[in-house]
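In order, the protein sequences belong to chains A and B.
Position 37, counted from 1, in the first sequence is what our numbering calls 37; the numbers after and before it change by one each time, with no gaps.
Position 266, counted from 1, in the second sequence is what our numbering calls 266; the numbers after and before it change by one each time, with no gaps.
To spell it out: a stretch of chain A is covered by chain B in this simulated footprint if at least three of its residues, at any positions, have a beta carbon under 8 Å from a beta carbon of chain B; those stretches are:
{"id": "1", "stretch": "10-22"}
{"id": "2", "stretch": "25-32"}
Okay, derived cross-link-like pairs now, EDC-like style, lysine to aspartate or glutamate, Cα gap no bigger than 20 Å in a straight line:
{"id": "3", "chain 1": "B", "residue 1": "K23", "chain 2": "A", "residue 2": "D33"}
{"id": "4", "chain 1": "A", "residue 1": "K63", "chain 2": "A", "residue 2": "D7"}
{"id": "5", "chain 1": "B", "residue 1": "K23", "chain 2": "B", "residue 2": "E6"}
{"id": "6", "chain 1": "A", "residue 1": "K9", "chain 2": "A", "residue 2": "E68"}
{"id": "7", "chain 1": "B", "residue 1": "K18", "chain 2": "A", "residue 2": "E57"}
{"id": "8", "chain 1": "B", "residue 1": "K18", "chain 2": "A", "residue 2": "D33"}
{"id": "9", "chain 1": "B", "residue 1": "K210", "chain 2": "B", "residue 2": "E19"}
{"id": "10", "chain 1": "B", "residue 1": "K145", "chain 2": "B", "residue 2": "E256"}
{"id": "11", "chain 1": "B", "residue 1": "K23", "chain 2": "A", "residue 2": "E30"}
{"id": "12", "chain 1": "B", "residue 1": "K146", "chain 2": "B", "residue 2": "E112"}
{"id": "13", "chain 1": "B", "residue 1": "K23", "chain 2": "A", "residue 2": "D8"}
{"id": "14", "chain 1": "B", "residue 1": "K18", "chain 2": "A", "residue 2": "E29"}
{"id": "15", "chain 1": "B", "residue 1": "K18", "chain 2": "A", "residue 2": "E30"}
{"id": "16", "chain 1": "A", "residue 1": "K77", "chain 2": "A", "residue 2": "D33"}
{"id": "17", "chain 1": "B", "residue 1": "K27", "chain 2": "A", "residue 2": "E30"}
{"id": "18", "chain 1": "B", "residue 1": "K18", "chain 2": "A", "residue 2": "E56"}
{"id": "19", "chain 1": "B", "residue 1": "K23", "chain 2": "A", "residue 2": "D81"}
{"id": "20", "chain 1": "B", "residue 1": "K237", "chain 2": "B", "residue 2": "E167"}
{"id": "21", "chain 1": "A", "residue 1": "K55", "chain 2": "A", "residue 2": "D81"}
{"id": "22", "chain 1": "B", "residue 1": "K32", "chain 2": "B", "residue 2": "E95"}
{"id": "23", "chain 1": "B", "residue 1": "K146", "chain 2": "B", "residue 2": "D122"}
{"id": "24", "chain 1": "B", "residue 1": "K27", "chain 2": "B", "residue 2": "E9"}
{"id": "25", "chain 1": "A", "residue 1": "K9", "chain 2": "A", "residue 2": "D33"}
{"id": "26", "chain 1": "B", "residue 1": "K23", "chain 2": "A", "residue 2": "E57"}
{"id": "27", "chain 1": "B", "residue 1": "K18", "chain 2": "A", "residue 2": "D32"}
{"id": "28", "chain 1": "B", "residue 1": "K18", "chain 2": "A", "residue 2": "D81"}
{"id": "29", "chain 1": "B", "residue 1": "K27", "chain 2": "A", "residue 2": "E29"}
{"id": "30", "chain 1": "B", "residue 1": "K23", "chain 2": "A", "residue 2": "E29"}
{"id": "31", "chain 1": "B", "residue 1": "K27", "chain 2": "A", "residue 2": "D81"}
{"id": "32", "chain 1": "B", "residue 1": "K23", "chain 2": "A", "residue 2": "D32"}
{"id": "33", "chain 1": "A", "residue 1": "K55", "chain 2": "B", "residue 2": "E19"}
{"id": "34", "chain 1": "B", "residue 1": "K23", "chain 2": "A", "residue 2": "E56"}
Derived by calculation from the structure, the hints in this document are not laboratory data.
All residues carry an ideal CB built from backbone N, CA and C; glycine is no exception.
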Amino acid sequence: MSDFNIDDKVDITDVVCPTTFVKAKVALEELDDGQILSIRLNDGEPVQNVPRSIKEEGHQILKLLENEDGTYELIVKKVGD
Amino acid sequence: MAFSNEQLERYSRHIILKEIGAKGQKKLLNAKVLIIGAGGLGAPVAMYLAAAGVGTIGIADADEVDLSNLQRQIIHATKDVGKPKVLSAKETMNEMNPDVTVNTYHTFVTSENIRELIRDYDFIIDGTDNFPAKFLINDACVMEKKPFSHAGIIRFKGQLMTYVPGEGPCYRCVFKNPPPKDAVPTCKQAGVVGAMGGVIGSLQAMEAIKFIVGQGELLTGNLLTYDALKMDFRKIKLPHNTDNCPVCGKNPTITELIDYEQAECDGAL
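Isolated chain A (complex conformation):
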């Protein structure tokens, strides 16, 4: 994670689909073009679907890191306003 200059973080492990993506999308809307968001998400359905939905919105997926507790950290660069 030290590779990236994280501007904001959001934890979506406390919600289920489709609120997972919604919560991530809301956090991205708060950022400016080029800023970086770190999203903590659960294994399974969120890891499969959230990155794809974010990509469809035009943002850039930088990396998906596995945490020790079984959750993941998705690093996203915001594209556009």
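Following the hints, complete the assembly by docking chain B onto the known chain A.
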């Protein structure tokens, strides 16, 4: 303003939409819409706007719920008969969505109170059932520079148009004056299918939502008519030139609001 997890879930289908998103949902939560008439049109408008999370909804109506209203005024229930419509409407909206503040005006809207009433709101819905009220709402909205959605329903037919100040004709540009008394029957005399209010009222709610989030094209400069029996929608382009309109034109001759006389048998819509 940050969304709670509950709000994210409640409005998820809006927020997922590119055209709305979190920004649009915030606009809805900060918006103020006034609905004049809690009847056949006002009922679905109020319910859809409350469900959508329009933060402040005003509702004005002087009537009480009557058993004959329930065939189309779906915001009221059998237990509400006899209750002021604005109160019954407020209860339904509050139950649907606690995010919404509902202001009730249990009064007739007249030339005396309308300008002050609409001043606090961003968008006005004409859900009334008579021509004097429709001209009053139009003239007041022109004078106060407020956008509004006009609609009317009768039997199997309905129509609507949207007025936005400076962006097209007003109701009076199209219909100069109310028709002579008794030239046009009221709903009470003529009848109306309940679902007509649902069709046309939902379109009014849609216009309000698009106006608030600033997306898409509104029915400004157009009159949409719906004939349910023929299953025919027509979008009629209205004359672009509004210069000679007596209220929104260059040299308006109507500068004071007019209380037209209402036909005696006018009933609640």
